[in-house]
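So the sequence lines, in the order shown, correspond to chains A and B. Under my numbering, the residues of the first sequence are numbered 4 to 205, in order. Under my numbering, the residues of the second sequence are numbered 4 to 205, in order.
Treat the hints with care, as some may be off.
Identical copies look the same in the list; a pair holds intra-copy or inter-copy alike.
[Unchecked claim] Derived lysine to any residue pairs resembling SDA-like cross-links, with alpha carbons at most 20 Å apart: (1) K51 <-> H178; (2) K61 <-> A118; (3) K89 <-> R161; (4) K126 <-> I13; (5) K147 <-> H178; (6) K41 <-> N29; (7) K76 <-> A86; (8) K147 <-> D177; (9) K60 <-> N46; (10) K97 <-> D166; (11) K147 <-> D181; (12) K5 <-> R17; (13) K8 <-> L139; (14) K51 <-> F92; (15) K41 <-> K89; (16) K126 <-> F170.
Rather than coming from a laboratory, the hints here were simulated on the basis of the structure. Model, not experiment: these values are computed from the prediction.
So the chains spell out like this:
Protein chains: 2
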Amino acid sequence: MKQEKLNYIIDVARNMFARYGLRKTNIDELAHMARVAKATIYNYFGSKDSVYLAVLKKEADEIIGAILDSIDKEALPPEKLIALVKTKFNQMPKALNLLNLEIDGAENRYPDSIAIRNDLFWKEVEIIQDILEEGLAKGFFYIKNIMLASKSIGYAIRGFERDWLLFDSRDRIDHYLDYFLNIIIKGLMSANSNKTDRFVID
Amino acid sequence: MKQEKLNYIIDVARNMFARYGLRKTNIDELAHMARVAKATIYNYFGSKDSVYLAVLKKEADEIIGAILDSIDKEALPPEKLIALVKTKFNQMPKALNLLNLEIDGAENRYPDSIAIRNDLFWKEVEIIQDILEEGLAKGFFYIKNIMLASKSIGYAIRGFERDWLLFDSRDRIDHYLDYFLNIIIKGLMSANSNKTDRFVID
DNA sequence: TTTATACTAAAATCCGATTATAGTCTAAAG
DNA sequence: CTTTAGACTATAATCGGATTTTAGTATAAA
Numbered sequence: 004m005k006q007e008k009l010n011y012i013i014d015v016a017r018n019m020f021a022r023y024g025l026r027k028t029n030i031d032e033l034a035h036m037a038r039v040a041k042a043t044i045y046n047y048f049g050s051k052d053s054v055y056l057a058v059l060k061k062e063a064d065e066i067i068g069a070i071l072d073s074i075d076k077e078a079l080p081p082e083k084l085i086a087l088v089k090t091k092f093n094q095m096p097k098a099l100n101l102l103n104l105e106i107d108g109a110e111n112r113y114p115d116s117i118a119i120r121n122d123l124f125w126k127e128v129e130i131i132q133d134i135l136e137e138g139l140a141k142g143f144f145y146i147k148n149i150m151l152a153s154k155s156i157g158y159a160i161r162g163f164e165r166d167w168l169l170f171d172s173r174d175r176i177d178h179y180l181d182y183f184l185n186i187i188i189k190g191l192m193s194a195n196s197n198k199t200d201r202f203v204i205d
Numbered sequence: 004m005k006q007e008k009l010n011y012i013i014d015v016a017r018n019m020f021a022r023y024g025l026r027k028t029n030i031d032e033l034a035h036m037a038r039v040a041k042a043t044i045y046n047y048f049g050s051k052d053s054v055y056l057a058v059l060k061k062e063a064d065e066i067i068g069a070i071l072d073s074i075d076k077e078a079l080p081p082e083k084l085i086a087l088v089k090t091k092f093n094q095m096p097k098a099l100n101l102l103n104l105e106i107d108g109a110e111n112r113y114p115d116s117i118a119i120r121n122d123l124f125w126k127e128v129e130i131i132q133d134i135l136e137e138g139l140a141k142g143f144f145y146i147k148n149i150m151l152a153s154k155s156i157g158y159a160i161r162g163f164e165r166d167w168l169l170f171d172s173r174d175r176i177d178h179y180l181d182y183f184l185n186i187i188i189k190g191l192m193s194a195n196s197n198k199t200d201r202f203v204i205d
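I would like the entire structure built from these sequences, with the hints used as guidance.
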């Protein structure tokens, strides 16, 4: 089958899963909506779960892809870190299925889907690690244990996710995120933590 | 009724809710286990939900109380911040009902219980704010916007909770938390972020 | 290879009957 | 005046069996 057609199936499935959830989406209807035979779907994916996982995977890949793109556009490590966070949170609302995992009452939280969610987390941590390493090499950051630092920051960023997804007042949380970046970059104790003029998020 | 008896009812309820959950705990059995008449419970609490909320409230109060105690034992603001985080995570496993809210599939997540959970979060943020204010006044911290800073840190700490509760490898996450504290206190950019000798968590 | 269709076995839904339980009430005991 | 045991009700949960949906397979034709 052409890659194009396969992507189309995933896209249709993505919409259906986002609207109805895993349980209430059925393959007969998906086949009809995607204008392929049911057998074709089973030929390619093998099971309903696999279709669902392919959707989650695509959503995760999109987030990672967008983050990497945005980082490439920045030259300085601190700004790369800021770009990562901004892009991540901008992309999140598009990954409806992946993020409903966090919010929903476990409706469709099972080992494989959780694995994809965790995988996204650890990929983010890896990217953070790359940024920190570059920052260290170029003299921007001073970090004793880069692996610990990147994981710590990964976890900390996670703390903003739930409310970002649920709240009306996204702007305000954006504000907190901005400030959080300032804090981890400059620290509470450094005298210039007052000045948000250099690495500021607009 | 004596306060003592009332507390005993809450304690028994706390164990039953922790073991069986809100739905599978029934008031007849609770009355029996707590050795009071069912009417007494309804006299005091008015409804099953109110009993449950009283349990959640008590768990939240215990966490806040322990945090405040631990902070009082520290003299320096940075150490107070560290004490807050350490105590919070040490106390968390005791608050079984409150924390199952995070993990469970919404089984017993309804507006009132979420409100208590959020209340705990904002109380933590207030305490952080107090610490930051003291740290600013005494020249330890340099923070432009204390309110933003305390909320940011509150959210960031939240990011460690889920994995702390779920994972086998609590030590490792402890490690991340330690490092996280180092980062926010000293910042990625400050040259002494290497040295973890002063404000170190043992 | 894809498609339409038919097929099966397992799961979900439905529904009426039964049971369990939240919450009220009362009368007696402390 | 409060607590208690027990009776009581109305609603919600459970159960079991019949029915329907649906995941997944098989087949034959395009």
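Checked hints:
no.: 1; hint: K51 <-> H178; in the structure: neither (40 Å within a copy, 40 Å between copies)
no.: 2; hint: K61 <-> A118; in the structure: within (14 Å within a copy, 35 Å between copies)
no.: 3; hint: K89 <-> R161; in the structure: both (13 Å within a copy, 19 Å between copies)
no.: 4; hint: K126 <-> I13; in the structure: neither (22 Å within a copy, 44 Å between copies)
no.: 5; hint: K147 <-> H178; in the structure: between (29 Å within a copy, 13 Å between copies)
no.: 6; hint: K41 <-> N29; in the structure: within (11 Å within a copy, 48 Å between copies)
no.: 7; hint: K76 <-> A86; in the structure: within (9 Å within a copy, 40 Å between copies)
no.: 8; hint: K147 <-> D177; in the structure: between (29 Å within a copy, 17 Å between copies)
no.: 9; hint: K60 <-> N46; in the structure: within (19 Å within a copy, 54 Å between copies)
no.: 10; hint: K97 <-> D166; in the structure: within (16 Å within a copy, 25 Å between copies)
no.: 11; hint: K147 <-> D181; in the structure: between (24 Å within a copy, 13 Å between copies)
no.: 12; hint: K5 <-> R17; in the structure: within (18 Å within a copy, 58 Å between copies)
no.: 13; hint: K8 <-> L139; in the structure: neither (45 Å within a copy, 60 Å between copies)
no.: 14; hint: K51 <-> F92; in the structure: neither (29 Å within a copy, 40 Å between copies)
no.: 15; hint: K41 <-> K89; in the structure: neither (40 Å within a copy, 54 Å between copies)
no.: 16; hint: K126 <-> F170; in the structure: between (26 Å within a copy, 19 Å between copies)
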